[in-house]
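Chains as they are written, first to last, in the working numbering: chain E, 2 to 210; chain H, 26 to 220.
Hints were generated in silico from the structure; no laboratory data involved. Just to be clear, a hint being listed does not mean it is correct.
[As the list claims (entries may be wrong)] Derived, one-sided and incomplete: chain H residues facing chain E with beta-carbon distance under 7 angstroms:
| hint | residue |
| --- | --- |
| 1 | S27 |
| 2 | K76 |
| 3 | A191 |
| 4 | W194 |
| 5 | R200 |
| 6 | E204 |
[Unchecked claim] Only pairs whose alpha carbons sit at most 20 angstroms apart, straight line, appear in this in silico SDA-like list of lysine to any residue:
| hint | chain 1 | residue 1 | chain 2 | residue 2 |
| --- | --- | --- | --- | --- |
| 7 | E | K115 | H | P129 |
| 8 | E | K92 | E | H108 |
| 9 | E | K115 | H | I92 |
| 10 | E | K115 | H | N99 |
| 11 | E | K115 | E | A11 |
Here a beta-carbon is modelled for each residue, glycine too, at the ideal position from N, C-alpha and C.
Now for the letters of each chain:
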Amino acid sequence: MNTDPSVVQALFAGHYFLFAFLTALGTLQIAVSNAGTRGLWLTSRAGITRWVGIALILAGIAIFFLQPLWVDGPWAAGSVEADSLTREWGKSSWDEFAGARNVNDIHGGLDGTKQAILFPLAAISAFIVSAIAGTLNVQFFTRTRRRDEGDQHPRITDGLEGLESRSYFLNLPVSMRQFRSEIGEYWRNGLEDADRWSVVKALFGRSPR
Amino acid sequence: MSAIDLNIVLWLNGFSGNVKLFDDFMRVVASDYLMPLVFSLVMFGLWFSGKTPRERVRYQLTMLMGISALAISNVVVWLINITWNRPRPFVEYGDQLNLLFYPPTDPSFPANPVAVGFAVATAAWTINRTFGGWMFAAATLFGFSRLYAGVFYPTDIIGGAVVGVAIFWFTTYLRRLLEPLVTGFVRLIRGLSAA
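Just chain E, same shape as in the assembly:
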């Protein structure tokens, strides 16, 4: 390799983040459109949201693997061989683009640890974008009936269930309030129901009388 591996790694990290972000956003849209979690939809209709999700996944994959055709990197035409040691800097050719991304991590490719850091960041970014878009959707484009409307003793919905009828930013305080009010009992019940081998139960559970 005639290029500094850290330069290659920075290039790969940026490309991988975009790849992971687009595909995570697409996957999230498919999942939330099927589950009816309106507060995370990019559009106001489930069917369209699902197709947008599929398009985002395909776009993410296509951009990542075709990028070497128009972006300079360690894949110059004529230098892409199985061993990434002999690569030159430049644009790839159609004949070689399939192997362009196969760069060993010692030559600047991303190892599992770096991917394990970048993927969660991309997934969280996809969630934030969906929450913002979903908020606009719920506020301006969707006329939804609140699930608890008309009930005398409405059940308070929170978490993803609450996002079926609320925007993320309206749902967050409700979810936090529910969490604070329930966590004590939840923890006590959890300790009681836990397996007798549970280390947590052994440490924090009450001793039998």
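Once you have looked at the hints, place chain H on chain E.
Leaving out everything else, chain H in the frame of chain E:
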């Protein structure tokens, strides 16, 4: 055993170089980015997929087990690697192989990417048999592409698959030791409106 192993690699790799489109497809599938990302996306997508609160909690707990299994698989593969340094096929028989992938420097057995794929596929299978079946197919294709590319022996792939499945089941058992911390963690994320 190793003779059969070698013959299968040589036979499969012998098909490379004939159909460029198929070779290119295998190069993309074998890459370090596509299939590992698919496995991560499966876990990410399933986290949000349940239609009822009970179903969501079940999916989310299984996904946490899947993520833990993925991490533990890497540790187990590393432990096996430092115990037995099996050379890659191209190291010993490079002159007979048409290498389609960069030559990795770590030991061959067991196949780490396959272990990760099978751990995630087993998690998906416990939630939905059909979807899990597709994930097993994807993990197998990932292993096959690396075999075709000449960087693994068949027994490395089988070893990786066994490690992945076994570690997932071990992780579900391990969860019992950590309850109610695990369900409490899911409850916390629900408090942040993300579960």
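Each hint tested on the structure:
| no. | hint | result |
| --- | --- | --- |
| 1 | S27 | violated (23 angstroms) |
| 2 | K76 | holds (5 angstroms) |
| 3 | A191 | violated (20 angstroms) |
| 4 | W194 | violated (16 angstroms) |
| 5 | R200 | violated (9 angstroms) |
| 6 | E204 | holds (4 angstroms) |
| 7 | E:K115 <-> H:P129 | holds (17 angstroms) |
| 8 | E:K92 <-> E:H108 | holds (17 angstroms) |
| 9 | E:K115 <-> H:I92 | holds (16 angstroms) |
| 10 | E:K115 <-> H:N99 | holds (14 angstroms) |
| 11 | E:K115 <-> E:A11 | holds (11 angstroms) |
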